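Spelled out, the chains give:
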Amino acid sequence: SQTIHQWPATLVQPVGSPLSLECTVEGTSNPNLYWYRQAAGRGLQLLFYSIGIDQISSEVPQNLSASRPQDRQFILSSKKLLLSDSGFYLCAWRSGGRDEQYFGPGTRLTVT
Amino acid sequence: EDKVVQSPLSLVVHEGDTVTLNCSYEVTNFRSLLWYKQEKKAPTFLFMLTSSGIEKKSGRLSSILDKKELFSILNITATQTGDSAVYLCAVARDLISSGSARQLTFGSGTQLTVLP
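Line by line, the protein sequences give chains F and H. Numbering-wise (this note's numbering), the first sequence opens with residue 1 and increments by one. Numbering-wise (this note's numbering), the second sequence opens with residue 1 and increments by one.
Isolated chain F (complex conformation) (with noise of 0.2 Å):
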């Protein structure tokens, strides 16, 4: 079966410093790979996607960036974080043909 893991689960960092926060799946070939950042309160706003190694599309523009050097890894980063950037990051994966997507646990990043 399918798994979905990410880390940190928690992480509070000062404004300016650097980000970087993993996900993996496990149990499944070429999955499309989501980052979503949700604000308290609010729905899932989706920031890039990626269909393939080194395939990532963007789409809020931002100080974030994200990159997935390997098949099932998706890491997304920043070089200066903003007091903005707080909130619940969640990676997510879908195989093809399929419109569901599965959520890992998620990051709950606050920046200070």
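Incorrect hints may have been included.
Cβ-Cβ distance ranges computed for the label pairs, FRET-style [claimed, not checked]:
#1 H/Gly82 x F/Gly16: 40 to 48 Å
#2 H/Gly53 x F/Thr3: 34 to 42 Å
#3 F/Ser84 x H/Gly59: 38 to 46 Å
#4 F/Ser20 x H/Gly59: 14 to 22 Å
#5 F/Ala9 x H/Asp94: 29 to 37 Å
#6 F/Arg98 x H/Ser52: 17 to 25 Å
#7 F/Pro18 x H/Ser58: 38 to 46 Å
#8 F/Arg108 x H/Gln80: 23 to 31 Å
#9 F/Glu59 x H/Asp66: 43 to 51 Å
#10 F/Ala40 x H/Ser52: 29 to 37 Å
#11 H/Ala78 x F/Leu83: 42 to 50 Å
#12 F/Pro8 x H/Ser62: 31 to 39 Å
#13 H/Ser58 x F/Gly16: 45 to 53 Å
#14 F/Ser95 x H/His14: 36 to 44 Å
Please keep in mind that the hints were generated in silico from the structure rather than gathered at the bench. Everything numeric in this text was worked out from a predicted model, so none of it was measured. Just so you know, even glycine gets a beta-carbon here, dropped at the ideal spot from N, CA and C.
We have chain F; now place chain H onto it with these hints.
Here is chain H on its own, set in the frame of chain F:
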């Protein structure tokens, strides 16, 4: 711009009550409508609906889609405290015509609280 609107924003009921959650949408290239349950952490998948008028059912939860009127409802009968969660509605559409990427546009969710 794609829109998914859920109502009510929040709902407080007592155990045993029946609730109906609403989701309306305006999305180009609609493929399907999905419901998720979110309890503090990651959303978990409940249903996917693609055809109008066909009810999907899982235990005490059921959902139906109306593609003409562009809405869906999620019913929960005989609610239990464990049903307390945010229920998210999402609509799927293709992101690029030649690829396999597919976008989910989410509503803001309905916060359901079930009191004992």
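Here is what the structure says about each hint:
1. H/Gly82 x F/Gly16: 40 to 48 Å: At roughly 42 Å between Cβ atoms, glycine 16 of chain F and glycine 82 of chain H fall inside 40 to 48 Å, so the hint holds.
2. H/Gly53 x F/Thr3: 34 to 42 Å: holds, 35 Å
3. F/Ser84 x H/Gly59: 38 to 46 Å: holds, 40 Å
4. F/Ser20 x H/Gly59: 14 to 22 Å: violated, 40 Å
5. F/Ala9 x H/Asp94: 29 to 37 Å: holds, 33 Å
6. F/Arg98 x H/Ser52: 17 to 25 Å: holds, 20 Å
7. F/Pro18 x H/Ser58: 38 to 46 Å: Because 43 Å falls inside the window, the suggested range holds.
8. F/Arg108 x H/Gln80: 23 to 31 Å: holds, 27 Å
9. F/Glu59 x H/Asp66: 43 to 51 Å: violated, 28 Å
10. F/Ala40 x H/Ser52: 29 to 37 Å: holds, 35 Å
11. H/Ala78 x F/Leu83: 42 to 50 Å: holds, 44 Å
12. F/Pro8 x H/Ser62: 31 to 39 Å: holds, 38 Å
13. H/Ser58 x F/Gly16: 45 to 53 Å: Check passed, 47 Å falls within 45 to 53 Å.
14. F/Ser95 x H/His14: 36 to 44 Å: Given a distance of about 40 Å, which is inside 36 to 44 Å, the answer is holds.
When each numbered hint is compared with the structure, violations occur for hints 4, 9.
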